[in-house]
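Enquirer: So the chains spell out like this:
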Amino acid sequence: MKPDLPLLPTTAVGSLPKPPEILEARRKGWGAKKLEPLEKNAIRRWIKIQEEIGLDVLVDGEFYRGDMVAYFAQNLEGFRMGGLVRSYGNRYYRKPIIVKEVKYRKPITVKWWKFTQSLTKKPVKAILTGPYTMMDWSFNEYYPDREQACLALAKELRKEVRNLYKAGARIIQIDEPAISARPQELPLAKKAMEIMVHGLDDVYFICHICYGAFEYIYPQMLELPIQNFDLEMSNSELDLMELFHRHPFTKDISFGVIDVHSHIIETVDQVKERIQKALNVLNPRQIWVDPDCGLKTRTEEEAIGKLKAMVEATRQVRASIE
Amino acid sequence: MKLLSANTGSYPKIGSDPKKQKFRVAYAKWEAGELSDEQFKKIQDEVVKEVIDEQIQAGLDMVTDGQIRWIDPISHFTKNLEGCRMDGLLRYFDTNFYFRQPVVTSRLVIKHPVACDEFVFAKRYSSVPVKQVITGPYTLARLSINRAGVDFRTFLRWFTEVVAQEVHAISRLGRCFVQIDEPAILSHPKDWELFKESIEEICSERRRLKIYLYTYFGDAMPLLNKMENLPVNGVGFDFTYSWKLVQKMAEEGFAMEAVGLGLIDGRNTRMERKRKILGILRRLLRNLNVEIVYLNPSCGLEFLPRENAFKKLKLVSEICKEARQKIL
Numbered sequence: 042m043k044p045d046l047p048l049l050p051t052t053a054v055g056s057l058p059k060p061p062e063i064l065e066a067r068r069k070g071w072g073a074k075k076l077e078p079l080e081k082n083a084i085r086r087w088i089k090i091q092e093e094i095g096l097d098v099l100v101d102g103e104f105y106r107g108d109m110v111a112y113f114a115q116n117l118e119g120f121r122m123g124g125l126v127r128s129y130g131n132r133y134y135r136k137p138i139i140v141k142e143v144k145y146r147k148p149i150t151v152k153w154w155k156f157t158q159s160l161t162k163k164p165v166k167a168i169l170t171g172p173y174t175m176m177d178w179s180f181n182e183y184y185p186d187r188e189q190a191c192l193a194l195a196k197e198l199r200k201e202v203r204n205l206y207k208a209g210a211r212i213i214q215i216d217e218p219a220i221s222a223r224p225q226e227l228p229l230a231k232k233a234m235e236i237m238v239h240g241l242d243d244v245y246f247i248c249h250i251c252y253g254a255f256e257y258i259y260p261q262m263l264e265l266p267i268q269n270f271d272l273e274m275s276n277s278e279l280d281l282m283e284l285f286h287r288h289p290f291t292k293d294i295s296f297g298v299i300d301v302h303s304h305i306i307e308t309v310d311q312v313k314e315r316i317q318k319a320l321n322v323l324n325p326r327q328i329w330v331d332p333d334c335g336l337k338t339r340t341e342e343e344a345i346g347k348l349k350a351m352v353e354a355t356r357q358v359r360a361s362i363e
Numbered sequence: 005m006k007l008l009s010a011n012t013g014s015y016p017k018i019g020s021d022p023k024k025q026k027f028r029v030a031y032a033k034w035e036a037g038e039l040s041d042e043q044f045k046k047i048q049d050e051v052v053k054e055v056i057d058e059q060i061q062a063g064l065d066m067v068t069d070g071q072i073r074w075i076d077p078i079s080h081f082t083k084n085l086e087g088c089r090m091d092g093l094l095r096y097f098d099t100n101f102y103f104r105q106p107v108v109t110s111r112l113v114i115k116h117p118v119a120c121d122e123f124v125f126a127k128r129y130s131s132v133p134v135k136q137v138i139t140g141p142y143t144l145a146r147l148s149i150n151r152a153g154v155d156f157r158t159f160l161r162w163f164t165e166v167v168a169q170e171v172h173a174i175s176r177l178g179r180c181f182v183q184i185d186e187p188a189i190l191s192h193p194k195d196w197e198l199f200k201e202s203i204e205e206i207c208s209e210r211r212r213l214k215i216y217l218y219t220y221f222g223d224a225m226p227l228l229n230k231m232e233n234l235p236v237n238g239v240g241f242d243f244t245y246s247w248k249l250v251q252k253m254a255e256e257g258f259a260m261e262a263v264g265l266g267l268i269d270g271r272n273t274r275m276e277r278k279r280k281i282l283g284i285l286r287r288l289l290r291n292l293n294v295e296i297v298y299l300n301p302s303c304g305l306e307f308l309p310r311e312n313a314f315k316k317l318k319l320v321s322e323i324c325k326e327a328r329q330k331i332l
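Just so you know, the protein sequences line up as chains A and B, in that order. Quick note: the first sequence uses the numbering used here, first residue 42, plus one each step. Quick note: the second sequence uses the numbering used here, first residue 5, plus one each step.
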């Protein structure tokens with residue numbers, strides 16, 4: 042079901058810059074209980090910031106998460122944390138290892154979603170990492186193959202989706218950045234997604250994908266049972282638009298207009314130009330506007346500057362359409 | 005027939021132990037302008053020595069410099085080329101590793117080959133033979149954006165010229181080992197003729213070099229027989245994408261000077277059972293018409309934590325030793 046939102050709704054993808062006190066506390070190895078008040082403060086502050094900037098759909102900023110896969114792995118049974126692996130440049134992450142049957146123990150993000158939603162009248166997106174990415178970005182020492190690992194994860198993560206739904210979440214984003222990694226496995230990713238969303242017809246599901254080779258999975262990816270694809274568009278010089286020219290994009294799109302890997306804050310005109318490119322190919326009713334990916338790698342000043350430019354550009358484009 | 009243990013390419017730059025994090029610390033300081041290029045290079049040199057020591061300690065017969073100086077396999081060879089600039093990040097095949105994508109706007113001009121100096125440094129230090137890895141022209145071309153307005157054949161030829169110069173620079177050093185990595189051809193088998201021309205061009209620069217072509221991140225079955233006709237000294241295969249490749253190779257054989265058997269999964273921490281790998285080797289070695297068999301991981305090891313990478317190499321070496329006694 043489509044949520045009641047203005048034309049060209051604006052949102053952040055998920056993560057926001059962690060405040061220095063949280064980074065410091067994490068460095069010192071504080072436990073979850075001790076960290077919680079700091080994380081709640083950060084959420085309160087950023088809800089205010091997002092409202093002041095004028096975003097339409099808000100996020101909790103994921104201050105309580107480290108890595109998007111490790112966080113869920115730590116909260117599910119069946120994983121243990123592995124050593125450090127490099128993802129790019131000087132960035133490393135601890136890659137989890139599936140060592141026994143995966144089991145959902147208790148709600149993972151539900152209390153954070155409820156807390157965040159209690160702070161604002163605007164809708165808050167619930168966000169979780171999808172089963173395909175959890176499988177692909179973990180080592181697997183237990184399941185005989187990738188398919189069995191992926192489907193086992195889908196069955197367990199579905200319980201988190203269900204609990205978010207029960208708590209009241211009606212916009213749920215499932216992050217699947219790995220989905221384009223093996224085009225031949227798209228049917229598996231689809232099967233896993235079907236398990237995740239089954240029967241929840243009044244939820245608006247978004248699937249976030251970034252930094253992938255979309256040319257290999259487009260247009261087949263449109264068969265995924267979700268309503269909105271959140272795609273990174275500015276990082277690749279909007280090359281994806283060529284694909285949309287060739288085959289119409291039939292779902293809604295959260296159109297990434299902010300390069301999250303650059304320190305440079307985009308100007309309003311630059312963002313307007315990117316939105317305009319989307320409008321050349323897509324119906325305005327299909328388009329949401331957001332950054333390419335989470336903003337956790339940017340400074341607070343940069344993140345605010347980028348979101349402000351994005352919202353202002355959207356306002357101007359919206360006015361010109363309406 | 006000789007059976008040797010080898011690394012396939014990369015090796016993790018840091019370990020989880022704080023003592024093995026100096027590369028990461030130095031990189032951060034270098035990025036912040038607190039370390040000069042020269043100071044950072046000195047740390048890179050130290051880490052190259054460390055990872056060569058680890059590979060030797062694991063018992064390998066042939067090592068690499070671990071590709072310690074590479075940020076990624078694509079920008080390492082393209083970032084300083086004329087006619088090219090770097091674009092955004094893109095996932096490297098089906099890994100959770102990213103590379104900066106080159107955008108080519110005109111014919112490529114190489115200012116200074118990068119692989120030769122790396123090779124000289126590693127060779128001088130290592131007590132066992134070193135293999136220099138170079139990303140192949142087809143993979144470089146496939147993963148670059150063509151904004152030069154030329155067809156793919158011309159585009160590939162430009163990259164072939166660049167790689168040929170890298171190879172030529174090393175060929176002056178005499179009898180050495182160079183590995184050309186071409187993972188991209190496995191997902192574009194229809195480009196075989198173009199690919200072959202490109203490899204032939206590179207091999208024409210070889211002099212006394214031993215050139216090995218390594219493929220991974222895909223199923224090599226459709227190209228197995230064609231590979232035998234390439235003018236390289238050896239071909240390396242990744243068996244983790246299709247174990248049927250074992251059956252095909254065992255039934256049809258494979259003839260070449262050398263072959264690299266990527267039977268140890270370089271992407272998963274699960275340790276292979278020695279008995280299983282020895283069984284596969286027993287089946288394969290009977291039908292291989294080759295002088296040298298390298299047992300190696302299926303791909304570079306930077307996709308594993310350093311501790312696991314070491315264990316995998318140790319396993320490679322142990323299996324090799326056992327196979328020499330029991331099979332050869």
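No lab work stands behind these hints: they were computed from the structure. Careful, some of the hints might be misleading.
What the hints assert, rightly or not - Here are the computed lysine-lysine pairs in the DSBU-like style, where the Cα-Cα straight-line distance is at most 30 Å:
1. 200(B) x 248(B)
2. 278(B) x 141(A)
3. 23(B) x 69(A)
4. 194(B) x 141(A)
5. 337(A) x 214(B)
6. 69(A) x 33(B)
7. 318(A) x 147(A)
8. 24(B) x 337(A)
9. 231(A) x 81(A)
10. 315(B) x 24(B)
11. 23(B) x 337(A)
12. 141(A) x 318(B)
13. 141(A) x 248(B)
14. 89(A) x 163(A)
15. 155(A) x 81(A)
16. 194(B) x 248(B)
17. 115(B) x 83(B)
18. 207(A) x 196(A)
19. 315(B) x 141(A)
20. 232(A) x 248(B)
21. 33(B) x 6(B)
22. 24(B) x 69(A)
23. 231(A) x 248(B)
24. 337(A) x 280(B)
25. 337(A) x 33(B)
26. 75(A) x 194(B)
27. 278(B) x 318(B)
28. 315(B) x 144(A)
29. 231(A) x 315(B)
30. 280(B) x 69(A)
Quantities reported herein were computed from a predicted structural model and do not represent experimental measurements.
Enquirer: When the structure is checked against the list of hints, which entries are broken? Sort them ascending.
Expert: 4, 5, 7, 9, 21, 24, 26, 29, 30
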